[in-house]
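Produce the entire structure from the sequences given, and follow the hints as far as they go.
One-letter residues, chain by chain:
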Amino acid sequence: MGESFLQALTEVGDVYTLSLIVAGVLFGIVGGSIPGFTVTMAILVVFPFTFAMDPVSGIALMVGVFVGGYSGGIVSGVMLGIPGTPSSITTVYDGYPMAKNGEPGRALGIGMLASFFGTLISIIMLIFFGPLIAKFSMNFRPWEITALIVFALTLVAGLSNGALIKGLMAAAIGLFITTVGFDRNSNLRFDFELDVLTSGFEILPVMIGIFAFSQLMNNIEDLQAQGDAKKVDTNVTIPYRKIFSDISRQKLNTLRSSLIGGLVGALPGTGGTVANFLSYDQAKKFSRHPERFGTGIPDGIIASEASNSAVAGGAFIPTLALGIPGDLPMAIMMGVLILHGITPGPLMFEQNPVLVGSIYVSLLIGAFIMVACQIVLVRWFARVSNIPQQILVPAVLMLCAVGSFALNNNLFDVWVLFVFGIIGYLLWKAGVPLTPLILGVVLGENLENQLFRALELDPDWTTFLTRPFSALFLALALASIVFSILQNRKITRTLKPQGGT
Amino acid sequence: MTKDRSLATAVLLMVAVLFVESGNIPEKTSWQAYGSAIYPQILLGCIAVFALLLLLNSFRQTSQPGTKGATTAKRPRANVKVVGIFVLFGAYAALLPVLGYLASTLGFMVATQALLLGVDTRRKWIINLTTAGILVPLVYVIFEYGLNVWLP
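Read top to bottom, the protein sequences are chains Y and C.
Position 19 of the first sequence, counted from 1, bears residue number 19 in full-length UniProt numbering, the numbering being contiguous throughout.
Position 105 of the second sequence, counted from 1, bears residue number 105 in full-length UniProt numbering, the numbering being contiguous throughout.
Accuracy of the hints is not assured; some may be wrong.
Unchecked claim - Per label pair, the in silico range of CB-to-CB distance: (1) Y/431 with C/87: 21 to 27 Å; (2) C/102 with Y/100: 45 to 51 Å; (3) Y/7 with C/91: 28 to 34 Å; (4) Y/377 with C/87: 56 to 62 Å; (5) C/27 with Y/7: 28 to 34 Å; (6) C/147 with Y/195: 25 to 31 Å; (7) Y/295 with C/145: 28 to 34 Å; (8) C/91 with Y/377: 36 to 42 Å; (9) C/145 with Y/139: 47 to 53 Å; (10) C/150 with Y/453: 54 to 60 Å; (11) C/84 with Y/431: 54 to 60 Å; (12) Y/372 with C/24: 55 to 61 Å; (13) Y/377 with C/52: 52 to 58 Å; (14) C/145 with Y/15: 17 to 23 Å.
As the list claims (entries may be wrong) - Calculated cross-link-like contacts (lysine-lysine; reagent style DSS-like; alpha-carbon spacing at most 27 Å): (15) Y/490 with Y/285; (16) C/3 with Y/490; (17) Y/490 with Y/429; (18) Y/251 with Y/285; (19) Y/429 with C/3; (20) Y/251 with Y/429; (21) Y/429 with Y/242; (22) C/81 with Y/429; (23) Y/100 with Y/135.
Hints were generated in silico from the structure; no laboratory data involved.
Note that CB positions come from ideal geometry on N, CA and C, so glycine has one too.
Written as structure tokens, this is what we have:
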């Protein structure tokens, strides 16, 4: 591993790749800074630019966006009281009051440093746990992998805010989308005698269509509901000495929040938002002055920003080690890896150690670049976050279309983007969670391959229940569904005495 | 009809069509344990079960007192701008091979920004044309010359 790490360091360390990480981090922060843009959207927009790059350069750029994106939500959260990304909601609780108390620079500085330490700690977790989990999962055969994918999908569907049935249905639809075209036995399926459907749908335009259109249309609808957006005051100065002393007084909080973020990020379907709330809650419980949370204290900002940035490294653990993405941005990242000809999973550590090392190195370098860029360019990011959605939406849609076309120089992919854009928007309007749908699209092909490999080795379906780990994953899948049902019932019962409101 | 009921009905209809279509998938050969149709048919079965549960749930919810008709009343009005963006994007996709990247993208950017920003002041027109005039050629140059990716 040491040799691969050094080779990765040499590859990522050249000026071209470093400049790509800088560009990625800058774009990620910009994406995170603009309310409603999100990390996922930033990844989708940048991805087409990696088509012509070698895998290491392409991944370095994407990792940069990933690291920058998770930390970028702080700008609008602190300055406007509007979280730039859902994973920085609790940053607003203390960041915004601190800014209103006349210390916006301090709030931003604390958040940036906490983000840096959060990312760093999660990378250490990834370097330590990634290979361990991958080594363990090398024992998994097709039965276990099939069951694990089913578990990941039910877990994500179960976490879909009280919409379990819709979540499960979305996951199944996502899986079904990947069955169009030639299958592994060269049989045509669901082509409706149209030539364009014989090779199925590319993952990228499907994912962009489903996610980007619904997100952008949501932004447009929000805009109409809210009227003119508030503007960020760009006159910010960071009091360096003060923020370093704030962080040094909150060492335990930083460490605890980063560990929570890293661990939550490693669980499929949870992501930054859950980590954010969980670590804020824990920081409050461990605090000597819990009553001051929400009034503009450093503790809350640190808990929030350290945890949501730590998700970046944590989310890579299941993706690289098991081939199961931790959250939506990671599902897109996995699609990116697949399109670059890399199959994430335990074998990646054996077959592509340099590439795994490149991800570690890119994350590490990205963390340092992120904090440097945030501190030096804070005023510029504040200015960028003022870009109105009316300009942003057409630009992003145009980049989505160009990206989909550039994938194969095929106009059909632009139509795929458009059709899945309409489907995604309608499903979103009907309250269908889109994360399980996208995860289904990303994992669909692998699930079918593993299922058929298992059935070719042993046509008996009960083998899934007789192999211990396969049975365990299926039991966990069932448990996650039962847990969601019980949770939903509890929520309904709590709401009923209040008159069903 | 409630939102959930409309969704469940649409999904069930889609499942029915696709299930019939799955009959055209070649049968399994002698060396295969299962044919190519089984996996999509299992998925279609799952989707149908979830859609049915959703449908049943929607009836159960509307039969509860105080909830009848609530979903119809609360349904948001069709958003003209959202529909407009979809129409413009469809036109853009259709015109891309005819007019080429530069002309069609410029047209799409200007039209979409005009729809969202408005066209009532000179300032808005300047913002619109400047953004489109800079962004469209910039993306073209990056893809064509920086990344060697051909655009129509």
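Which earlier hints can't be squared with this structure? The structure conflicts with hints 3, 4, 5, 7, 10, 11, 20, 21 and 23, although it agrees with all the remaining ones.
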